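Engineer: Spelled out, the chains give:
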Amino acid sequence: MKGNSIKVDYLARVEGEGSLVARFRGGQLKEVQFKIFEPPRFFEAFLRGRSYREAPDITARICGICPVAYQMSAVHAMEDAFGVKVEAPIRDLRRLIYCGEWIESHVLHIALLHAPDFLGYEDAIQMARDHPQVVQTALKLKKVGNDLVALIGGREIHPINVKVGGFYKVPRRRDLDEIEERLKWARDASIQLAKWTASLPFPHFERDYEFVALRHPLEYPLNEGRLVSNKGLDIAIDQFETYIVEEHVPYSNALHSRIAERGAYLVGPLARFNLNFDRLSSLAQDVAKEVGMTPPCRNPFQSIVARAIETVYACDEALRLIANYTQPDKPALEVQPYAATGHGCTEAPRGILYHRYRVDEYGTILDARIVPPTAQNQKSIEADLWELIEANADLPPEQLQWRCEQAIRNYDPCISCATHFLKLHVERE
Amino acid sequence: MARTTKPNLAVWKFASCDGCQLSLLDCEEELLEVAGAVEIAYFLEASRATVKGPYDISLVEGSITTPHDAERIHQVRRASRFLITIGACATAGGIQALRNFKDVREFISLVYASPQYIQTLSKSTPIRDHVFVDYELRGCPVNKHQLLEVINALLNERKPNIAAHSVCSECKRQGIVCVMVAQGTPCLGPVTHAGCGAICPAYGRGCYGCFGPKETPNTSSLSKRWKQMGVKEDDLIRAYRSFNADSEPFRRESESHER
Chain Y
320 MKGNSIKVDY LARVEGEGSL VARFRGGQLK EVQFKIFEPP RFFEAFLRGR
370 SYREAPDITA RICGICPVAY QMSAVHAMED AFGVKVEAPI RDLRRLIYCG
420 EWIESHVLHI ALLHAPDFLG YEDAIQMARD HPQVVQTALK LKKVGNDLVA
470 LIGGREIHPI NVKVGGFYKV PRRRDLDEIE ERLKWARDAS IQLAKWTASL
520 PFPHFERDYE FVALRHPLEY PLNEGRLVSN KGLDIAIDQF ETYIVEEHVP
570 YSNALHSRIA ERGAYLVGPL ARFNLNFDRL SSLAQDVAKE VGMTPPCRNP
620 FQSIVARAIE TVYACDEALR LIANYTQPDK PALEVQPYAA TGHGCTEAPR
670 GILYHRYRVD EYGTILDARI VPPTAQNQKS IEADLWELIE ANADLPPEQL
720 QWRCEQAIRN YDPCISCATH FLKLHVERE
Chain X
33 MARTTKPNLA VWKFASCDGC QLSLLDCEEE LLEVAGAVEI AYFLEASRAT
83 VKGPYDISLV EGSITTPHDA ERIHQVRRAS RFLITIGACA TAGGIQALRN
133 FKDVREFISL VYASPQYIQT LSKSTPIRDH VFVDYELRGC PVNKHQLLEV
183 INALLNERKP NIAAHSVCSE CKRQGIVCVM VAQGTPCLGP VTHAGCGAIC
233 PAYGRGCYGC FGPKETPNTS SLSKRWKQMG VKEDDLIRAY RSFNADSEPF
283 RRESESHER
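Heads up: the sequence lines are chains Y and X, in that order.
Residue 677 in our numbering sits at position 358 of the first sequence; the count goes up by one each step and never skips.
Residue 267 in our numbering sits at position 235 of the second sequence; the count goes up by one each step and never skips.
In short, the hints are calculated from the structure, not lab data.
What you are looking at is a predicted structure, and each value in this text was computed from that prediction instead of being measured.
Heads up, some of the hints might be wrong.
[What the hints assert, rightly or not] Keeping only pairs whose Cα atoms sit at most 27 Å apart, straight-line, the calculated DSS-like set for lysine-lysine is:
hint, chain 1, residue 1, chain 2, residue 2
1, Y, Lys488, X, Lys84
2, X, Lys204, Y, Lys482
3, Y, Lys326, X, Lys84
4, Y, Lys482, X, Lys259
5, X, Lys84, X, Lys38
6, Y, Lys649, Y, Lys326
7, Y, Lys649, X, Lys204
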C-alpha cells in the first residue's frame, strides 16, 4: 500500500455520522483518524437554565437508540444531588425498562448492523435472503425489547414515563403478564442467537485493553456501582472527572477520553462481561461457557458474543424482576430540590454514560456535563485500527476497508451521542 | 446493488438523534415487507450498500446546523422525486433550535473551546427553510405507524391519512380522564399536534408538546388557563421551548411571555 490511503466518507451501520481516514507513506502507516463530524448540538449549553425535572426528557434526545440510558443517568444524578434514594419496587422497574433497552439495542446491533460484516453481506436485508430464520427471529426478539420499554415507558423511542424520583405511572402486576410470556420465548431465542453469534468466523486479533465498567456488590451492573477496571481503577462515580480526562482533537466533533494515568480504555459489553462475569445469572454464565466465551476475552470482534450473552441475561433478569414485582403505593418519591451537585453513571448498551449536574436552590440547572460511551471508546477504536491495518496491509484495499469498518462496528458506536458534549471550556470575551 | 423496477427509497440524516430513522428499523414486523415493496437505495444506518440517485422517496431526518449541511440538503432535493421530512428536528429545528433564542456571540463565548475546529451555523433550521418539502411528518420521535402510512400513501399515489387535530381529540377518543381538569396538571394537549396516541395523559402526565403545534392552535388561551392554575411565567416559556421551540406558534407564544 504505497502512497495509498483508505478513506470511508460516511460509515454505514452506525448511529450518526463518522468517517475513517488511514494514510500510508512509503508503505508505512502514518495516520489513522476515526472522525466524528456529526454536527454538534450543544446539549450541555442549553441545559443551563432548565429545571432538574426536564433533564431526563431533554437528554433522552441525545440518542434515539439508547434514550433510557440518558434518562437513567439523568435521574440518578439528580437524586444524588437531592439525597433521594429510590428502592424496590421502583428501583426494580428501572432495571426492567433498562433490560428492555439492552435487548432492543443489542439485538439491533447484533443482527441488523454487525452480523452482516462477518458473513460478507452489505446489510441485514441481504443477509435475510440466505438466513431468513436468524433475521426474522432477531426482529421478533428486538420487538420484545421494544415492547417492554414501551410498556413501562409509554413508547420505545424517547419514553415519557421516567421522572426524577421514579415514574409518572407504574404498571399493575397483571399488566406484566403478557410480556412475561413473551420474555420466556425471548430468553430461549436469545440463547439460540448467542450460539449463532459464537459460530461466526472471528478474525484473530487481541489487544491488552483496560476494560472499564460499573461493579455492584450483588448485581450485573445497570444503574449503580463503583467504576472499576482490570488495571486497578476502583472509584466512586463522583471521582469520574478526577481520573478520566478529555481532550479535544482537531478532526473530531467529539472529545477523546482517557484515564489520566494510563490512556485509552474500553467500555461496553466486553468490558462488563470481563469484569462482571460472576454477577451474570447462572443461566447466562452457562450459555457463555457452552459457547466457549470465558473471561477475559480480549478480541473486540467477539464483542458480538458478549452482546448476545448480555441479551440472554437481560431476558433472564427481566423475568426475575417481573416475578418479584409488587405494585408500589406511589409511582415516585417526593423530591425537594436544593443547591447541590449530583453525579450519575449507568451502563448504556454501549458502555458507561456519565452525567454531572450543578443545580441551584430552585432546582435550575447551572451547568451540566455528559460523557457518553462512544466518546470514551474513540481512542481504543483508533488503536485497534492502527494495529489491524498494520497487520493486514497486504489485503486488497476493498477488503481492508471493510475489515476496518467492521472493527469500528465492534464498538456499536453511537456517534449521535458522542458529539453532544463537545465541551468547551469557558472563554469569555 | 443492481437497479430494480421497484420505487427506491433513501434515508438522509442531518442534525438529530437518529431516533426517527430508527423508527423504520423498529417496524420489526413490517420491515422485510417494506424492503419487499421498495428498494432501499440509501440508508446508511442499515446498510453499507448505496445506489446512486435519483430517488423516488427521500426521508429526511434532522435539522440544518452547519454550512456543509445547508449545501448538502440541496443535493438531496435535486436527487429526490418526493422529499418527506420526518420528526421535530427536520420539521421545526428540534431541541437544538434552542440556540436560536440566544445571542449567538454570547452563546459562543459561553461554550466554545477551539472554534477553529468547529463549524456551526448560528441557528438550527427546519428543512423547509432551505428546500421545497413534499410532506412533513411530525413528532419527537415520529410515530412508526404514521411513518409506514406515509410510505404506503406515496407508493399508492394517495394523500397520507394523518390528522392535524390536537392531542386532546386523541385523548378523548381513548376515554382518558383529562389530567388538566381532573388533576390540575398543566398539559399542552389542546395546542399539540396529534399522532402520539396521547401517551402522556395516559400515563398521568401532562402533554409536553413533542409533536409540535396543531393546525391553528389557540396558545394564548391555553397560557391564560395555565396561569390561572398557578404556572409561573418562566415555566410557561420553558414549556413552549422544548423540542419544537422554533415552530412559529410556539415561538411566538413563548416570546409573548418574555419581559
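Engineer: If you check each hint against the structure, which ones fail?
Structural biologist: Checked against the structure, the hints that fail are numbers 1 and 6, while the rest are satisfied.
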